[in-house]
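Chemist: If you want the building blocks of each chain, they are given just below.
Number of protein chains: 2
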Amino acid sequence: MEPIALDITYAHADVIGEHGVSDSELDALAERGAQALEAVEGRRATDLRWMDLPYQEEVLRSVQAYAARVAGRFENVVVLGIGGSALGPRALHAALNGPYHDLAPPEGVPRLFVLDNVDPELIDAFLQTFDPATCLFNVISKSGSTAETMSQFLILRRRLIEALGREKHREHLVITTDARAGTLRPIVQEEGYDSFVVPDGVGGRFSVLSPVGLLSAALVGIDTPALCAGAARMDERCRTPKLRDNPALMYAALQWLMQSKGGKNIAVTFSYSQRLALLGDWYAQLLAESIGKKHARDGSIVHAGPTPVRAVGVTDQHSQVQLYTEGPFDKWFTFLSVATPAADVVIPSDFADRDALAYLGGHTLGELFAAERDGTRIALCDAGRPSVTIEFPRVEASSVGQYLYLMELSVALMGEFYGVDAFDQPGVEGGKVAAYALMGRKGYEERRAELEAGAPPRKPRIR
Amino acid sequence: MEPIALDITYAHADVIGEHGVSDSELDALAERGAQALEAVEGRRATDLRWMDLPYQEEVLRSVQAYAARVAGRFENVVVLGIGGSALGPRALHAALNGPYHDLAPPEGVPRLFVLDNVDPELIDAFLQTFDPATCLFNVISKSGSTAETMSQFLILRRRLIEALGREKHREHLVITTDARAGTLRPIVQEEGYDSFVVPDGVGGRFSVLSPVGLLSAALVGIDTPALCAGAARMDERCRTPKLRDNPALMYAALQWLMQSKGGKNIAVTFSYSQRLALLGDWYAQLLAESIGKKHARDGSIVHAGPTPVRAVGVTDQHSQVQLYTEGPFDKWFTFLSVATPAADVVIPSDFADRDALAYLGGHTLGELFAAERDGTRIALCDAGRPSVTIEFPRVEASSVGQYLYLMELSVALMGEFYGVDAFDQPGVEGGKVAAYALMGRKGYEERRAELEAGAPPRKPRIR
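So the protein lines, in turn, are chains A and B. Position 246 (the first sequence) corresponds to 250 in my numbering; numbering is contiguous. Position 361 (the second sequence) corresponds to 365 in my numbering; numbering is contiguous.
Calculated from the structure, these hints are not laboratory results. Check each hint, because a few of them may be wrong.
In silico EDC-like pairs for lysine to aspartate or glutamate, Cα to Cα no more than 20 Å straight-line [what the hints assert, rightly or not]:
(1) K463(B) <-> D249(A)
(2) K246(A) <-> D27(A)
(3) K246(A) <-> E29(A)
(4) K463(A) <-> E395(B)
(5) K172(B) <-> E79(B)
(6) K446(B) <-> E371(A)
(7) K463(B) <-> D386(A)
(8) K463(B) <-> D18(A)
(9) K265(A) <-> D18(A)
(10) K463(A) <-> D386(B)
(11) K298(B) <-> D386(A)
(12) K298(A) <-> D428(A)
(13) K463(B) <-> D11(A)
(14) K446(B) <-> D378(A)
(15) K246(A) <-> D11(A)
(16) K446(A) <-> D378(B)
(17) K463(B) <-> E29(A)
(18) K298(B) <-> E22(A)
(19) K172(A) <-> D354(B)
(20) K446(A) <-> E456(A)
(21) K246(B) <-> E45(B)
(22) K298(A) <-> D386(B)
(23) K172(B) <-> D354(A)
(24) K446(B) <-> D357(A)
(25) K463(B) <-> E395(A)
(26) K463(A) <-> D18(B)
(27) K463(B) <-> D31(A)
(28) K446(A) <-> E371(B)
(29) K463(B) <-> E22(A)
Short, incomplete list of chain B residues facing chain A, as computed with Cβ under 10 Å [to be verified]:
(30) H105
(31) S149
(32) R465
With beta-carbon atoms standing in for the labels, derived distance ranges [claimed, not checked]:
(33) P460(B) <-> P464(A): 55 to 65 Å
(34) A347(B) <-> G365(A): 44 to 54 Å
(35) A457(B) <-> A17(A): 15 to 25 Å
(36) K265(A) <-> A453(B): 29 to 39 Å
(37) S26(A) <-> A453(B): 27 to 37 Å
(38) G423(B) <-> E79(A): 54 to 64 Å
All residues carry an ideal CB built from backbone N, CA and C; glycine is no exception.
All chains, please: the whole structure from these sequences, using the hints.
Modeler: Here it is as structure tokens:
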């Protein structure tokens, strides 16, 4: 398996100047980095069970067996899930099945849709477009109390029963939830649905290598063993406490230095690969929910957290690069690049008498794409903007698996550098509680009364 | 036509405290706002010709006539364009044709694809999936020298000629370019392609209401007259110099205050509408390229510019809201909301004995969606995070047209507040020149030599 590589050249002060990190800054973090790794590794066997997901061979086999059992039976696989239950499945499908899979799926392979919203205009359009009888619905919620996913479950279950009857509808549902606790597990048992387990110690944003991400991936033909093998390979590479040899540790240290010392509150994942672009959305959740915290672990108020931004090359050269090169020094960049594209296209040498076209003819799109990527990295460098590059040998399951684990571990390590709990998300409660109150959920009457009494006087609307 | 409304309640210091704006701060900007409007309006008839795009009836008619002429002849409309030539067409299609149009287009209406990248894996997949003979390609480039678009043009033109012959291939190309200058206009004349004009005084990011955005919209059945009527309506509303009555002026003033006084360098467009989500990408270019500037107009170095971020509700409640409520006070939020969704879905009252499900049954998804939106806005408010809401009466061409013009004018006005030229983009040259040099374009030999001589010594890659 070819490794993905982390190149920090353009983040180094020797190359880009004051906005880069220096050898002495990195050296000064070496000890702390080693401690961070020890702290995280020390929890592998206890609460951070996501660290062992690359090695769950029995789970892999059961996922593959289920996929083989239902192969050819459904035109569409539909994930009902949100957040970590949606971003992994969608990113894997985009990366490994490509941009037009759902328009023209290969013979016998289903399409994959991820319904991670409850916008009624979206769900109604889905119901108007798809016959539920052609779909397998993978309901994903560890607790079984996710309002969005459970609403979708109630709606689609009823449609299935109406269309197929009580008995047959079961075959169109497969539930991924807690092994014992929560609202969905007893429903699985009563109704006799097929099911998979979201293991303990695996938070939503760290769940892509559990059945949360693996099941839909296997159903649409993705090589899930290679995905896990890639993650395992990265795990092995990241056991060393040496900052300069450990890509997860280096990436975490850079993120920490860029923000704490460099004042850069924005982290841009700049994917020079259309297929890899949605990994940026997956990483955006991982980073934002893990590090975006009001309190440090010692209880002090820190309001920490970089803001993840996802850009796509070359596309966003024509949208965001003006700001990136000339705007505030508030960003650092992670280029995702692909060493060997799976295909290339030659540009014909027509209209060779026109200056604006002549230089293109005879080159390939791959050459143009690489020149623009390198040109943009150089332009950012010339403007004093730091970047690193994560280079994928190819876009394939093993390299994507490496990337997923690299970022998961790196974010866990960032938690140590930032001094925050990378594994909770207390800040989403406020909105949830307010929504429960507004929906009239039992037990939230007091909050509802508060909201009704405390609604601010509206300022005049401009219309 | 129902107006879209701007509600600033949750951005006001009376409601959210120190991170809001106060009446006195707004009052203090009144005079400057009026001057900003005068300055921008004063250029309407000279260089800011995009301000009159809502009134180009002849252009509208010619676009509609072309769409009527080719109606039913193509399965696919494919935009070859990037940046402003891509973001408008894509946002209009997503907003007004919905999420599954391309999977199941209505009888006689083509699909729409926007190829705004040269990633060889993307373009190869396109070529493998689509027969060019089923496609109408709309090539969009004012100068005709956009490397990405021209490469695609050369490739697809050659494929069309191979498949259909020299004579017939013409019917599959329609060119939107400068009226006289540039590389594409003479090609149009020599080859006899159908064509439309990108007028002078209309930069790429301000071009959505020119044929750049209107042509593909008309081809996929969007009500282009209603779009322009909406824009015209907003233009009329925004003639008043009174800050509190002029939504474009108010929005520009808020953006300026949030960054200059509040230190908020991130502007989040939080679309509580799946259909409207891509308007956030369109706005991201408009804001980033217009305001992200190294120099003020007086020549001083300012490194100005907010960073646009696009989020989707409720989806990103499970990805970004943790950071938004607890992270640094470095953001402000613009909610896009829809007063009356076009459809709704009732949640069945099954499993009513489970607390986590009982409160959902009998409600609609629309009610849940609205409760989560309002709950999130309240939670952000409770955490001291300012937001405004742009409320669309419905998702329809006239309201989208209002929004487009609102944001265009608002960004032009921001240029006045920030003191930068909102209509140039000098910062994209560096990357372009480096890419030209790397591709061996004539006239860039010196830069190539520089790049080859000056390449930084690579730091050891971690792999």
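Chemist: Take the hints in turn and mark each one as holding or not.
Modeler: Now for the hints, and whether the structure bears them out:
1. Of the supplied pair hints, the one linking K463(B) and D249(A) holds, its CA atoms being roughly 12 Å apart against a limit of 20 Å.
2. Restraint check: the Cα-Cα separation between K246(A) and D27(A) comes to about 14 Å, which is no more than 20 Å; the hinted pair holds.
3. Among the hinted pairs, K246(A) with E29(A) is consistent with the structure: their alpha-carbon atoms are about 14 Å apart, no more than 20 Å.
4. Straight-line distance between C-alpha atoms of K463(A) and E395(B) comes to about 14 Å, which keeps the hinted pair within the 20 Å bound.
5. Distance restraint check for K172(B) and E79(B): the Cα-Cα separation of roughly 17 Å lies within the 20 Å cut-off, and the hinted pair is therefore satisfied.
6. Between K446(B) and E371(A) the alpha-carbon distance is near 17 Å, which keeps this suggested pair within the 20 Å criterion.
7. Restraint check for K463(B) and D386(A): satisfied, since their Cα atoms lie roughly 17 Å apart, inside the 20 Å limit.
8. Between the alpha carbons of K463(B) and D18(A) the distance comes to roughly 10 Å, so the proposed pair stays at or under 20 Å and holds.
9. Pair hint K265(A) plus D18(A) holds up; C-alpha atoms about 17 Å apart against a cutoff of 20 Å.
10. Between K463(A) and D386(B) the CA atoms are separated by roughly 17 Å; this keeps the pair inside 20 Å, and the hint holds.
11. For the hint linking K298(B) to D386(A), the alpha-carbon distance of about 13 Å falls within 20 Å, and the restraint holds.
12. The straight-line distance between the Cα atoms of K298(A) and D428(A) is roughly 12 Å, inside the 20 Å bound, and the hint therefore holds.
13. For the proposed pair K463(B) and D11(A), the alpha carbon gap of about 7 Å is at most 20 Å, so the pair holds.
14. Among the hinted pairs, K446(B) with D378(A) is consistent with the structure: their alpha-carbon atoms are about 19 Å apart, no more than 20 Å.
15. Annotation: proposed proximity of K246(A) to D11(A) holds, straight-line Cα distance about 16 Å (limit 20 Å).
16. At most 20 Å may separate the alpha-carbon atoms for a hinted pair to count; K446(A) and D378(B) meet this at roughly 19 Å.
17. Distance hint between K463(B) and E29(A) is fulfilled; the C-alpha atoms sit about 15 Å from each other, no more than 20 Å.
18. Our distance criterion of 20 Å between C-alpha atoms is met by K298(B) and E22(A), whose separation comes to about 17 Å.
19. The straight-line distance between the Cα atoms of K172(A) and D354(B) is roughly 18 Å, inside the 20 Å bound, and the hint therefore holds.
20. Simply put, K446(A) and E456(A) have alpha-carbon atoms about 16 Å apart, close enough for the 20 Å limit, and the pair holds.
21. With a C-alpha separation of about 14 Å, the suggested pair K246(B) and E45(B) falls inside the 20 Å cut-off, and the hint holds.
22. For the given pair, K298(A) sits about 13 Å from D386(B) by alpha-carbon distance, which is consistent with the 20 Å threshold.
23. Our distance criterion of 20 Å between C-alpha atoms is met by K172(B) and D354(A), whose separation comes to about 18 Å.
24. Under the criterion of a C-alpha separation no larger than 20 Å, the hint pairing K446(B) with D357(A) is consistent with the structure, at around 12 Å.
25. Simply put, K463(B) and E395(A) have alpha-carbon atoms about 14 Å apart, close enough for the 20 Å limit, and the pair holds.
26. Pair hint K463(A) plus D18(B) holds up; C-alpha atoms about 10 Å apart against a cutoff of 20 Å.
27. Restraint check for K463(B) and D31(A): the C-alpha separation of about 15 Å stays at or below 20 Å, so the hint holds.
28. With a CA separation close to 17 Å, the supplied pair K446(A) and E371(B) stays within the 20 Å bound.
29. Restraint check for K463(B) and E22(A): satisfied, since their Cα atoms lie roughly 17 Å apart, inside the 20 Å limit.
30. Hint status for H105(B): holds, given a least beta-carbon distance of 9 Å to chain A, under 10 Å.
31. A distance limit of 10 Å between C-beta atoms decides the matter here; for S149(B) the minimum to chain A is near 4 Å, and the interface restraint holds.
32. Given the 10 Å rule on beta carbons, the hint for R465(B) holds: about 4 Å separates it from the nearest Cβ of chain A.
33. For P460(B) and P464(A), the hinted distance range of 55 to 65 Å is satisfied, since their beta carbons lie about 56 Å from each other.
34. The hint said 44 to 54 Å for the Cβ distance between A347(B) and G365(A), and at roughly 50 Å that hint holds.
35. Between A457(B) and A17(A) the beta carbon distance is about 21 Å. The supplied range of 15 to 25 Å therefore holds.
36. For K265(A) and A453(B), the Cβ-Cβ distance of about 36 Å falls inside the hinted range of 29 to 39 Å, so the restraint holds.
37. A beta carbon spacing of about 30 Å between S26(A) and A453(B) agrees with the range 27 to 37 Å that was offered as a hint.
38. Range check, G423(B) to E79(A): about 56 Å between beta-carbon atoms, so the 54 to 64 Å window is met.
Of the numbered hints stated above, none is contradicted by the structure.
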